[in-house]
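K.L.:
Listed below are the residues making up each chain.
4 protein chains.
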Amino acid sequence: MKVGILGASGYVGGELLRLLLRHPKVEIGLATSRRYAGEFTYRVHPNLRGWTKLKFSPFNLSRITDACDFLFIATPHGVSSNFMPQIIETGMKVIDTSADFRLKNSKDYVKWYGWEHKCPELLGKSIYGLPELHREEIKKAHLVACPGCMATAAILALAPVVKHEDIEKNRIIIDFKVGSSGGGSHPSMASHHPEHFNIVRPYKPVGHRHTAEIEQELSFISGKKISVAMSAHAVNMVRGILATCHLFLTNIPSVIDIWRIYRQFYQDEPFIRIVRDVKGIFRYPDPKVLVGSNFCDIGFEVDEDNSRLVLLSALDNLVKGAAGTAIQDMNLMNGWDEKEGLWEAGLHPA
Amino acid sequence: MKVGILGASGYVGGELLRLLLRHPKVEIGLATSRRYAGEFTYRVHPNLRGWTKLKFSPFNLSRITDACDFLFIATPHGVSSNFMPQIIETGMKVIDTSADFRLKNSKDYVKWYGWEHKCPELLGKSIYGLPELHREEIKKAHLVACPGCMATAAILALAPVVKHEDIEKNRIIIDFKVGSSGGGSHPSMASHHPEHFNIVRPYKPVGHRHTAEIEQELSFISGKKISVAMSAHAVNMVRGILATCHLFLTNIPSVIDIWRIYRQFYQDEPFIRIVRDVKGIFRYPDPKVLVGSNFCDIGFEVDEDNSRLVLLSALDNLVKGAAGTAIQDMNLMNGWDEKEGLWEAGLHPA
Amino acid sequence: MKVGILGASGYVGGELLRLLLRHPKVEIGLATSRRYAGEFTYRVHPNLRGWTKLKFSPFNLSRITDACDFLFIATPHGVSSNFMPQIIETGMKVIDTSADFRLKNSKDYVKWYGWEHKCPELLGKSIYGLPELHREEIKKAHLVACPGCMATAAILALAPVVKHEDIEKNRIIIDFKVGSSGGGSHPSMASHHPEHFNIVRPYKPVGHRHTAEIEQELSFISGKKISVAMSAHAVNMVRGILATCHLFLTNIPSVIDIWRIYRQFYQDEPFIRIVRDVKGIFRYPDPKVLVGSNFCDIGFEVDEDNSRLVLLSALDNLVKGAAGTAIQDMNLMNGWDEKEGLWEAGLHPA
Amino acid sequence: MKVGILGASGYVGGELLRLLLRHPKVEIGLATSRRYAGEFTYRVHPNLRGWTKLKFSPFNLSRITDACDFLFIATPHGVSSNFMPQIIETGMKVIDTSADFRLKNSKDYVKWYGWEHKCPELLGKSIYGLPELHREEIKKAHLVACPGCMATAAILALAPVVKHEDIEKNRIIIDFKVGSSGGGSHPSMASHHPEHFNIVRPYKPVGHRHTAEIEQELSFISGKKISVAMSAHAVNMVRGILATCHLFLTNIPSVIDIWRIYRQFYQDEPFIRIVRDVKGIFRYPDPKVLVGSNFCDIGFEVDEDNSRLVLLSALDNLVKGAAGTAIQDMNLMNGWDEKEGLWEAGLHPA
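Top to bottom, those sequences are chains A, B, C and D.
Quick note, the first sequence lines up with residues 21 to 370 if you use this note's numbering.
Quick note, the second sequence lines up with residues 21 to 370 if you use this note's numbering.
Quick note, the third sequence lines up with residues 21 to 370 if you use this note's numbering.
Quick note, the fourth sequence lines up with residues 21 to 370 if you use this note's numbering.
There could be a bad hint or two in this list.
Claimed, not checked - Below are the EDC-like pairs computed for lysine to aspartate or glutamate, each with C-alpha atoms no more than 20 Å apart in a straight line:
id	chain 1	residue 1	chain 2	residue 2
1	A	131	B	324
2	D	45	D	86
3	A	189	B	128
4	B	73	D	297
5	C	189	D	325
6	A	244	A	324
7	B	224	A	325
8	C	189	D	324
9	B	244	B	185
10	D	45	B	360
11	C	245	D	86
12	A	45	A	325
13	D	299	D	325
14	C	224	D	86
15	C	45	C	86
16	A	73	C	297
17	A	245	A	185
18	A	75	C	297
19	A	224	A	128
20	D	224	C	297
21	B	131	A	324
22	B	189	A	358
23	D	189	C	47
24	B	127	A	324
25	D	73	B	289
26	B	299	B	321
To be verified - From the derived model, a few chain C residues whose C-beta atoms are all more than 12 Å from chain A:
id	residue
27	39
28	67
29	85
30	102
31	159
32	162
33	187
34	200
35	226
36	355
Said to hold, decoys possible - So the derived list for chain D, only partly shown, Cβ under 10 Å to chain B, looks like this:
id	residue
37	59
38	285
39	287
40	290
Quick caveat, the hints were computed from the structure, so don't treat them as lab data.
Being a predicted model, the structure only gives us computed values, none of them experimental.
We put the beta carbon where it would ideally sit given N, CA and C, even for glycine.
Excised from the complex, chain A in its bound form (with noise of 0.2 Å):
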């Protein structure tokens, strides 16, 4: 099958190179760059030299078909909604890693992005990409939404929890960790590498957006309206988040009850592994040892003086949090195996 990437010199779109061009079902028909048309696409991504010849395209709606079987999509938010619909039309399958399709009330997108969506009508066609609780949807979707980074590690660690009656609904903190390549690959002063390293900035203490999916799907699975209290922080490494989710509840329960709910949840799950170890350094999930897999990682721990819950999610932002999960939709939206392409394990040390 021949897939195409627009947008492909951001740092999603090098990864979905990356990780495509060792997959054994696909090759890659086209990638496009407005910045570096004409240029090899391993100047851009240097990792890829040796592997490919591949050159960046300009972006041309007209040749995406002529080029392509399956498109992934990494533009930055709000460039996909403006030809989205033509694409569908054209009858290709289509995995969008921008915010533009993940939110179902288009009135979300004025709150929260600032812009009024373009194709309302595409929203409640569009799947939300996150295979441990759509994977049923995705296997029929034309068009996939990938999850945002945090929202992932979010939503992973407190899905199995959320719909518990004891859980204070309204108290729910998720204080984030974040490395650089969230932030994109346009070089900006708060990104200038004297700038960056050695920091723990609290970048977003409040408002961010991906608030308003990490709600969507939260009350989604719980059937009740769940707000999420969000602060994100920019820490000194490249790749990673970390969510820490503290919880209120007025019964709390057993470490051997949690793990119970967590184990039944995720049992199946291929790229979900409940780290939670009462030996060596690594007892907690840390974005460290996830660096290049597709492994999401949750842990947990009980403060009973405080009645509190505390989740722990790690993940590579790249990977789980966009490029490797988009591969895991593809797959499975083909019928694939879900892991093929993906199953690898993290570097450690790294």
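Chains B, C and D: place on chain A using the hints.
P.N.:
Same frame as chain A, now just chains B, C and D:
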């Protein structure tokens, strides 16, 4: 005045040496170390090469009164309570940077540290050495217990608001991000560079010992029992702590009201800066710009959607979180300008 | 084929596990560790959680032949020479990633390692396992000594030019920059994160042990006695080596001539990439983009003012510098495709 | 004395501000910035928050003489030579941290910087502001050109030995490792944190501009034409330079002889430390322990096998490599204690 440092080979001891060597009113009479007795101090603290020819002495109580008039203790927790009565008996004033005299209730040592206190009768005489809360008592104290680094960040962030009635007092979360120097100078697998680099490791999601002193001091301020729910994460830097405090309020105040509360509370404090900017990349506190300085930066943000107040505080764990506050205490105890020897900006970029 | 790993709890052992677990032609029969015998391997190598239930075995020579058909040794230098004759006697093929069988001249062990070799008779039978130089011998070998990580970087950079007459053969300088994983998995004061972070530490300005094998191999290629002047620096990263080789020439060749030499020398090599670009930010080799991959990137620059040739080579010290080359050797020894299990791009950004 | 800083929003300008704000003999009359005119200086240099209410001024030559008595210039290369004659004419003393007045031979600007010098007549009047070489001239100078950061490290390492007859004068290699702040405060793809983190990037293997001033000064000291072969690498830290100089000698001197040469050459220098220890982990110079200080640490090692002398020098590129040396020069030009405002130890650990 001749000062001595017990336990001078650790990181707090080293920072005391650095700061005291440039303090115009003191000279260093003694620096003990069991591990390094007989060695030049600059072998362990290489930044002091060319600054001092001082060697580490063995620990010997009887020599302390000969060698110095004022004592800093920077030994590990559980050490100084073995000999503190003998030191106090000599009439020497002491600042202890370990936890041994921070808690008023001797039972808290059993609960949080796991040992019976050896001289509980001194706990009532010890002053919790946070100048911003106990300045007048510190001036008259003979025994000052220097606060823990994370406790300092948390208490300074929360003190101005904790007595407000609208705060839900059993829903206070403090999510810490801590540099590696906070773990002390003894190497271990957990601190091995290949294992510690690039981490966001939730090393103490619940049950951190500093809870005890934070609750003690916040309860003291508010006049009510306050409990806090701490989680501590190690991040990829050497110096620095960021505390992100999440509070829920029944009525969320305006930004202007909160500004007023913090300005009033800290208006005469030389080492507290309120950081909340609308421009630039350092809009909130960040430990990055505090390395080497005695400032604690405090900021905040209001989350109306969740009736949440986010408080942020940052400091250098070895300066304002330990040696700097200890010297601030020494200045107060001796009637000197509180800023003496401490009035330095941090480094940027670094 | 069942493979065993002796000394599997170190970083090279962990990387062998990671790579062999995904190798289609082998399964792991045994992984020994003195320190961690009885523990799950994923406790020490947390990236392998969910990948294998394998536990470390104690070291027991008699069990090795039962448990496996092919052996990797990743014990510290000076260990394997104690028992290698017994292993060779069983007829099992062995790849040793330690230094014990790299040097042909037993006196070099006394000079560089400080011990008398226990079985010097095996030195002549051991093959230096650098496929780019000794492919045909490796195919037939029973005992292969996997090159040192820095030696690999240096030899691959210098091999194509070292026989050129114009090079001043006693003025070859190799200035190394090395990540912390190269120092192994045992924590020490030198590797303690607060002490190792942010360093550019000249840890071995002269007299590095890899000098011996670099000189041995370069002399072998050039047919003349080559000596190299090494200096090794530790830098603030976990994986990776950059070797900067400075050579003086009596007649400085043109860039085009050097291109030709390198292209010809390495034209059929799957894991060597010549990196010398006129555009972009990765114009020369950089270990950053090689993390996790088996490539060695080689570049060069001509300094006409000083009749100097600067050669640059970069690799991941745990992959091409150890476990990757070892598996490349295993593939050759078994007649398999040399790239089997190793054909992965590095990560970018990471 | 009122001092002005032209180009105060860059990193050298920021460091001048930090150091001058704590200098007991000066106050800051003016700090210009084209980009940030009208902004508070602490918005760009967040470490100065609470230290100064100073705002950036626009660049306006006529206001300079009103606002200050002494001038620092920290503009990019090629700027100050446009207006220097007018400033000199006012009689004001000037220290220029850019390259515009470092080189004596105006042709070197064409060769190394690519532009014709606008006022070559001033080159002969400018003093190369390295106190260790030109102290007496600096005291009397009106125009001082502060040396380049890498040049300072190299010249201070080489000066004591470069006139020795045994050194092969056309085989001097200097291999630099440089922190990211050396690249200035303008963000670019190369400095983007995801691209710059974890690198050992050979960004200038040959042809670095500092070659010109290093050769100029070393030739001046030795009385012979000296050429140096530089290679510059960017590494994963913000502040700091390590220069590793490799020299070949026809007769290799003993360690004791080299000690004597360096001790004698630098015996009265307040900011030079000879670092060569037999114990501990900081046996050689390392920029890590120099962050924020004005020291240049120098060490060496003898490689008898190769008749090679390895010289190592480390400094903080923004202090001893720029702003610190500039202030040292100012102190000399005004007859003050050379150490005034500069006598600070580095931080450890940091």
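K.L.:
Confirm or reject each hint.
P.N.:
Hints versus structure:
A threshold of 20 Å between alpha carbons decides the hint, and for residue 131(A) with residue 324(B) the separation of about 14 Å falls inside it, so the pair holds. Pair hint residue 45(D) plus residue 86(D) holds up; C-alpha atoms about 19 Å apart against a cutoff of 20 Å. Between the alpha carbons of residue 189(A) and residue 128(B) the distance comes to roughly 33 Å, so the proposed pair goes past 20 Å and is violated. Simply put, residue 73(B) and residue 297(D) have alpha-carbon atoms about 15 Å apart, close enough for the 20 Å limit, and the pair holds.
At most 20 Å may separate the alpha-carbon atoms for a hinted pair to count; residue 189(C) and residue 325(D) meet this at roughly 13 Å. Taken as a hint, the residue 244(A) and residue 324(A) pair is broken in the structure, with Cα atoms around 26 Å apart against an allowance of 20 Å. Simply put, residue 224(B) and residue 325(A) have alpha-carbon atoms about 15 Å apart, close enough for the 20 Å limit, and the pair holds. For the suggested pair residue 189(C) and residue 324(D), the alpha carbons sit about 16 Å apart, so the restraint of at most 20 Å is met.
For a cut-off of 20 Å, the pair hint linking residue 244(B) to residue 185(B) stands: about 11 Å separates their Cα positions. Proposed proximity of residue 45(D) and residue 360(B) is supported: the alpha carbons are some 18 Å apart, at most 20 Å. Pair hint residue 245(C) plus residue 86(D) does not hold up; C-alpha atoms about 70 Å apart against a cutoff of 20 Å. For a cut-off of 20 Å, the pair hint linking residue 45(A) to residue 325(A) is broken: about 52 Å separates their Cα positions.
At roughly 23 Å between alpha-carbon atoms, residue 299(D) and residue 325(D) are farther apart than 20 Å, so this suggested pair is violated. At roughly 55 Å between alpha-carbon atoms, residue 224(C) and residue 86(D) are farther apart than 20 Å, so this suggested pair is violated. Annotation: proposed proximity of residue 45(C) to residue 86(C) holds, straight-line Cα distance about 19 Å (limit 20 Å). Among the hinted pairs, residue 73(A) with residue 297(C) is consistent with the structure: their alpha-carbon atoms are about 15 Å apart, no more than 20 Å.
As the CA atoms of residue 245(A) and residue 185(A) are separated by approximately 13 Å, the hinted pair is consistent with the 20 Å bound. For the proposed pair residue 75(A) and residue 297(C), the alpha carbon gap of about 16 Å is at most 20 Å, so the pair holds. Between residue 224(A) and residue 128(A), the direct Cα distance comes to roughly 18 Å. Compliance with the 20 Å bound is thereby established for this hinted pair. As the CA atoms of residue 224(D) and residue 297(C) are separated by approximately 13 Å, the hinted pair is consistent with the 20 Å bound.
Proximity of residue 131(B) to residue 324(A) is assessed by CA-CA distance (about 14 Å); at most 20 Å being required, the pair is judged to hold. For the hint pairing residue 189(B) with residue 358(A), the CA-to-CA distance comes to about 47 Å; that exceeds 20 Å, so the pair is violated. Between residue 189(D) and residue 47(C) the alpha-carbon distance is near 58 Å, which puts this suggested pair outside the 20 Å criterion. In summary, the hint linking residue 127(B) to residue 324(A) is supported, as the alpha carbons are separated by about 19 Å, within the 20 Å threshold.
Our distance criterion of 20 Å between C-alpha atoms is met by residue 73(D) and residue 289(B), whose separation comes to about 17 Å. Taken as a hint, the residue 299(B) and residue 321(B) pair is honoured in the structure, with Cα atoms around 15 Å apart against an allowance of 20 Å. Look at residue 39(C): its CB is around 10 Å from the nearest CB on chain A, not clear of 12 Å, so calling it non-interface is violated. Listed as outside the interface, residue 67(C) is inconsistent with that label: its C-beta sits roughly 4 Å from the nearest C-beta of chain A, within the 12 Å cut-off.
The beta carbon of residue 85(C) is kept farther than 12 Å from every beta carbon of chain A, the shortest such distance being approximately 29 Å. Listed as outside the interface, residue 102(C) is consistent with that label: its C-beta sits roughly 28 Å from the nearest C-beta of chain A, beyond the 12 Å cut-off. Even its closest Cβ contact with chain A, about 24 Å, leaves residue 159(C) beyond 12 Å, as expected for a residue assigned away from the interface. Even its closest Cβ contact with chain A, about 31 Å, leaves residue 162(C) beyond 12 Å, as expected for a residue assigned away from the interface.
Even its closest Cβ contact with chain A, about 28 Å, leaves residue 187(C) beyond 12 Å, as expected for a residue assigned away from the interface. Not every CB of chain A lies more than 12 Å from the CB of residue 200(C), the least distance being 8 Å, so the non-interface label is violated. Taking the minimum C-beta to C-beta distance to chain A, about 28 Å, the non-interface status of residue 226(C) holds against the 12 Å cut. Every Cβ of chain A is farther than 12 Å from the Cβ of residue 355(C); the closest lies at roughly 23 Å, confirming the non-interface assignment.
Taken as an interface hint, residue 59(D) checks out: its beta carbon lies about 8 Å from the nearest beta carbon of chain B, inside 10 Å. Annotation: residue 285(D) was flagged as interfacial toward chain B, and the flag is violated, the nearest CB pair being 16 Å apart, outside 10 Å. With a least beta-carbon distance of about 13 Å to chain B, the hint placing residue 287(D) at the interface is violated under the 10 Å criterion. For the restraint placing residue 290(D) at the interface with chain B, the shortest Cβ-Cβ distance is roughly 9 Å, inside the 10 Å limit, so the hint holds.
Of the numbered hints stated above, those contradicted by the structure are hints 3, 6, 11, 12, 13, 14, 22, 23, 27, 28, 34, 38 and 39, listed in ascending order.
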